[in-house]
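**Student:** For the protein sequence lines, the chains are A and B, in the order given.
Take 1 as the starting number for the first sequence in the working numbering and just add one per residue.
Take 1 as the starting number for the second sequence in the working numbering and just add one per residue.
Bear in mind the hints are in silico, worked out from the structure with no lab data behind them.
None of these values were measured; they are calculated from a predicted model.
Please note that the accuracy of each hint is not assured.
When chains are identical, the list treats them as one kind, so a pair holds in a single copy or across two.
Below, in silico cross-link-like pairs of lysine-lysine (DSSO-like), each with a Cα-Cα straight-line distance of 30 Å or less [said to hold, decoys possible]: (1) 243 to 255; (2) 243 to 198; (3) 34 to 72; (4) 257 to 302.
Protein chains: 2
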Amino acid sequence: MDIVEQIISGDVRATARLLRDIDDEIPTSKEILKELYPHTGKAYVIGFTGSPGVGKSTLVDQMAILYRKEGKTVGILAVDPTSPFSGGAILGDRIRMQRHFLDAGVFIRSLATRGHFGGLTRSTNDMVNVLDAMGKDIIIVETVGVGQDEVEIANSAHSTVLVTVPGMGDDIQAIKAGIMEIGNIFVVNKADREGSRKTIRELRNMIEIGCRRGGSNGWEPPIIETEALKSRGMEELHGAIEKHRSYLLSSGEDKWKEVIEKRVRIQLIETLKDQAFRTLLDRMEARGDSLDELVEKVVDKKSDPYTLVQEIISRELG
Amino acid sequence: MDIVEQIISGDVRATARLLRDIDDEIPTSKEILKELYPHTGKAYVIGFTGSPGVGKSTLVDQMAILYRKEGKTVGILAVDPTSPFSGGAILGDRIRMQRHFLDAGVFIRSLATRGHFGGLTRSTNDMVNVLDAMGKDIIIVETVGVGQDEVEIANSAHSTVLVTVPGMGDDIQAIKAGIMEIGNIFVVNKADREGSRKTIRELRNMIEIGCRRGGSNGWEPPIIETEALKSRGMEELHGAIEKHRSYLLSSGEDKWKEVIEKRVRIQLIETLKDQAFRTLLDRMEARGDSLDELVEKVVDKKSDPYTLVQEIISRELG
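Model the full structure from these sequences, guided by the hints.
**Tutor:** Following this line, the structure appears as structure tokens:
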């Protein structure tokens, strides 16, 4: 059985190996991704996004348990760009794996973008495709913070859950109708804390403004109060996700198709971006161009980044 | 006087126009950036990063006031990818401008990445160069969250301030020695709140672990308690930033050079990445390739993203 067959049959070792190869940008991984692609499209992808410390991983683990109870298999990808040097991701995986230790139906992996050249959205989407081909029914992608890449990653999910805690979001800068475009479901975790009512009220106002502006596309995002550590609100959150899934599916396929197209579009753009840059780097390397020398040239003011890049582009891709 | 001379002489309108052109990716902006580059390198760049709602903009505004009292001119770039659709950034600018209304020495601009194709780090760095050439002594770059791009943007600063509030960061996932690589100074804002001592203790532990691992590069990041709304702790924060600047400058130029090289390296990589992708997009457009059609091909499973991108790359850049 070759690696493609192994992954399709759900083999954990083969899958883990491919994910590592994607992370390390091993060229053969592209060929395997190609062969796996026809087997994708069955999984439901849920994005969980929020600042560090809001309790995302506890929520995600609890959701995984609920989906397992329904007999569904679950894949979890935790994207954490804050820990590229710490090895924290691996430690985190180990701790989390213990919770699902005896359960082969849950597959957890962390990404910490070891590479110097970014491409987080692309590699996350590639990995989602792998877990999808592997046969996971539910794939949960967990992202830290609300940065540019995180927005893209969240946009690649079918349903996106935006997690906050009381006491955040009382600044004018924090509450932006723009996040309506990201969150399909809002969670106020640690809802027993001081300031919970205020945070919920502010979220509700923000959602109302967003809906009036038409940002919600006909779906009014619910706000779910949870205390993930005490399993409070988990059924409600699960219900809200399923309701959003039904909403997408029940709308005469229009909304569903929209979500699928958005997913594919992001993946295409990110892959084009990544491969264009790779092509350029490979050619620079083949010529013996060193990035260090280019940096020195600019630091010594012998050239500027704009002229230098223009020269390189027209030479290598011209 | 042409636009380059206008900007160098500190003209606000000319600068605002160029920043808009950079944001809109107008090709002529590249030529102006080239001419401005020899005039850069004088400003001190400070990054402020933290989750939404921690009070970054209040802190930044207070810092601007302190630097103004010293007679220094200040430029502020607020990067907020969560508000691409909301128009919130413009509103925010107006509110903030009022605080510095009578002060021509402060220039504030928000970036909200309207483009579909990212490039946030690149355009932020370009804009920092413009404010630098314009003659601002201090440039403060404010980023939301701790995502991939935010890490890069923070890494482009001379000093980076990581802002948090009590009650965040008590999750195992939140506290990663990796953020030592980002933060030179830690701020616990809203320090009057419950849980402040705990947050400071946890940060201190994290810093100690990071320093033992050698992540701090000889600088031990201080933790400053602030209440930005009451101006508490502002002098201490200002002092800490200046101390970090002295540290960089006093180390026989080694550390200073390291920071400059890191800045230039990030800018080169981001500009190469951006231009490689632009080149590809331009050629696709010239051929009449439509992204929508490519998306349809993949959605209909007539091809997969990997094969499709490979075909396009070898045709357009081959």
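**Student:** All the hints need checking, so say for each whether the structure fits it.
**Tutor:** To see whether the hints hold, each was checked on the structure:
Proximity of residue 243 and residue 255 under a CA criterion of 30 Å is satisfied intra-copy only: 14 Å inside one chain copy versus 54 Å between copies. With identical chains, the CA atoms of residue 243 and residue 198 are at most 30 Å apart within one copy only, with a shortest distance of 26 Å there and 39 Å across copies. Taking CA atoms no more than 30 Å apart as the test, residue 34 paired with residue 72 passes inside one copy only; the shortest distance there is 26 Å, against 56 Å between copies. In this assembly of identical chains, the alpha carbons of residue 257 and residue 302 lie at most 30 Å apart only when taken from different copies (16 Å versus 52 Å within one copy).
Of the numbered hints listed earlier, not one is contradicted by the structure.
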